[in-house]
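J.: Given chain A, work out where chain B should sit, using these hints.
One line per chain: the protein sequences are A and B, in this order. According to the working numbering, the first sequence is numbered sequentially starting from 1. According to the working numbering, the second sequence is numbered sequentially starting from 1001.
Please keep in mind that the hints were generated in silico from the structure rather than gathered at the bench. Misleading hints may appear alongside valid ones.
Chain A side only, calculated, beta carbon under 8 Å to chain B, not exhaustive [as the list claims (entries may be wrong)]:
no. : residue
1   : T42
2   : P43
3   : L44
4   : P45
5   : R46
6   : T47
7   : V54
8   : I55
9   : N56
10  : R58
11  : G59
12  : P63
13  : R92
14  : T93
15  : I94
Glycine included, every Cβ here is placed at the ideal spot set by N, Cα and C.
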Amino acid sequence: MTDTVTPGVAQRRELIAFRIGDQEFCVDIMSVREIRGWAPATPLPRTPSFVKGVINLRGAVLPIIDLGARLGLNTSEPTARHVIMVVHIGQRTIGLLVDAVSDIINMSDDLVQPTPDVASDQVKTFVKGLFALDGRMVSLIALDRVLPETEAEAA
Amino acid sequence: MDPFESIKATFFQECEELLTDMESGLLAMEQGDDDSETVNAVFRAVHSVKGGAGAFGLEELIRFAHVFETVLDEMRSGRLALSDEVAKVLLRASDVLADHVAAARSGGGVDEGRTVSMIADLQGLIDHERANELGLNVHGDGSAAEEDFGFVPVVLSLDEPAAEAPETDIAALLSAAAEPSVAAEAPEAATPAWKVIFRPRAEMYAKANESALVLRELARLGEVEVSLDTSGVPALDQLSAEAAYLTWTIRLSGDRSEAEVRDVFEFVEDDCDLTMVRVGDAPERVAADGPDGDAPASAVEAAAAAPLDLAALLARVAPAAEPAPAAAAPAAPPAPSPAPADLDVAGLIALAEKASQDHAQAAQSPVARADPKLDQKAEARAAAGPATAATPTIRVDLDRVDRLINAVGELVIQQAMLSQRVFESGLARSSDVALGLEDLELLTREIQDSVMAIRAQPVKSVFQRMPRLVREVAEAVGKKVRLVMDGENTEVDKTVIERLSDPITHMLRNAIDHGLETPDEREAGGKSAEGAVRLAALHRGGRIVIEVQDDGRGINRPRVRGIAVAKGLIAEDAVLSDDEIDNLIFLPGFSTVDVVSDISGRGVGMDVVKRSIQALGGRISITSEPGKGSKFSMSLPLTLAVLDGMVVSAADQTLVAPLSNIVESLTPRAEDVHLIGGRDAVICIRDTFVPLIDVGVALGFRDTPLPPTSGVAVLVESEGGGKAALLVEAIQGQRQVVIKSLEANYQQIHGVAAATILGDGRVALILDVDALVTTSRRKSPRIEKRMAV
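Isolated chain A, as found in the complex:
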């Protein structure tokens, strides 16, 4: 993965920051393939509630994960103002449903702080680290944990 944090080696990289509710998160820009508006998804049977369904991305079937629901945040029904970030996770391509993309951040790895122990298990599973940016707190998402079966392997 391109967003592996290597301790001790300060590496500069670009991140894409986005908002869910009033919280700010980010992922490595290299794993983002494109950003598009929300389109109604075809629901999948027998899937966890955070899987919104699948959409057609130029002929490929793209599963949509409601990242807010995945993180245990309160989410509302998606509207046309919501955004899908198409990201690569390993060999797969999935869409992450978020509220809005806010920023592109250029920073070095050594500014990332480990997730403090106060966070719930769920947050700790998906958040790789935190950093401060202009007084805001941004959480770095561990993309490889987002898909359900990866979680099953980790458990």
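T.: Using the frame of chain A, we list chain B on its own:
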């Protein structure tokens, strides 16, 4: 990759092709084709395998190939005659050779016993003294192998006529053709003969006539001596593309009437200068036709596909088209000249070589056949030409092709969406945009077809493995079998091809083991001892049909029925048609043979075949006639990338059910639907109760089932043979859909086989009927496991 390894990999790839060539040659020989070219082709194949093996030090392979090759060489040189027995031994030897190649490739071992006995069999074909002379005592001692090893590289370049065919060819031709001219000058015998001077004009070639064919025809009338006058051929730089320069002088012995000889030239008479002189009886009669000869004009209907001759072949090379002086020359009989004077032979050869690459069939220089007395070898070499000059091909990584196919799939969907949007926007059908879109649609279709054709392959690659299987199975069960294969060139998508092998293997085994009788039984029944099994492939209605037919005993219906009753597969008093009884053999757990044999009859026979075919979206059926044999036909889609589906809606969702699963659809009547327990319903269709599955509920899209009478029931049959009625809200229609994998980006979902994209650009799910039916049977349609978050 290590360069040496990659060369080795190439060698094994070539081996596969060589082994295929060898086997098809041997099969032709088995049919009695002892043409020297066929034997040569087989010899070359074995020889090339051996040569390559020598380079890699594959001693086992070399040792066996050497014995094999020696036997073939004996045959090639005419010391060993082709017989049925010989052909069979050679075929078995080819199997062993294939084993050796496979073993060398995988680094595994071979059946030593089989090799030794095979070598013994091969040696048995040659008499002992000869074998000793050839140093063929290879029994297990290493010395022979070493001897071979040193010997191999030397032979490699010795006899590869194919590679240099064009050169030798033309040179041999020119000299061979020139030689008899001397003979023609010799004092004429007293026997009556015709001297014919035949000078084709350019028009003759333009009408696709062929002087070689004329000469061959002439040779049928009697002994001919042909001399070729090439003095008309100008220097190479003045050679015109469409002119004719050559003149033949033919001396035809035998007492033939002028009309008979003239008949030969019937179709070309108007387009050549023809002089016929009666020699051998005085006074000489001259019958000459000038350029404007008044002979009756006959329609030029000669085979348009006639191959080009040398002159035409040369003509193809030089595109400059000048009126031919030679053709315009008066019809005065030119004196045969012994050799071309100003002919740039080297240049000519170079050109001819180039031309032969361009025109595979032209390379089959029919000139070589003009005179039956021509050197046999020259003819063989000429014939070897086309074998090497096949259509140029490239090897492409399958991934790249698949990527292209995916991209085109997206293009097709995008195009369909665009069309729909334009239509919805209310633009007139005659508007430029709409017309442009129509053209785009045609183009897209064409691209899609061409791309699918790239991946399409002839079923030959599967079929060619079958003769060996049949031989081995026949040997194992002690039956005589002749395999007839039809439609080997029928094309089907590669993904289907790969999965055809198992069902065909199974069906062939079954046909030989169960279908055919033993030779004694056959003879007692008035049939030939050798049973026939026919394997055929054909296109029918956008699908590929594979048929396996035997002329054996047919299905023993009372026995099949008895077994089905004994195994509890059907009720004792069930009334079944002949057809239904035949189809019982596809039921799981049905095996008619009491003794479980190696070949088939493990009780997993035909139901496995049926299931694997259904997994491919195919169907299988059987027709049988007692005493006459049975025929299995399986019909498969041409590609796994598209699926024939029924588009239905359930719980506001659009879903696709594979058509291959659907038996019928009907509107349920209230009195036919019965509840079992709380919510499981069954529906009575023609006195049979089948479970009624509400698709919306089964997939968890809704909690309360649809009232059965307000929906449509689709009766489906799962791959396991279970039936169920799927209750949906409506049927939207039948459509071909492109299959898109869900697993690629997500994961497998129970009850969903795959996804597809409809014309409106939305994703629709393809139902996994099998999973739905089995789930219902387990009576747990609501095992929705909400994944822990």
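J.: Hint by hint, work out which the structure violates, then give me just those numbers in ascending order.
T.: none
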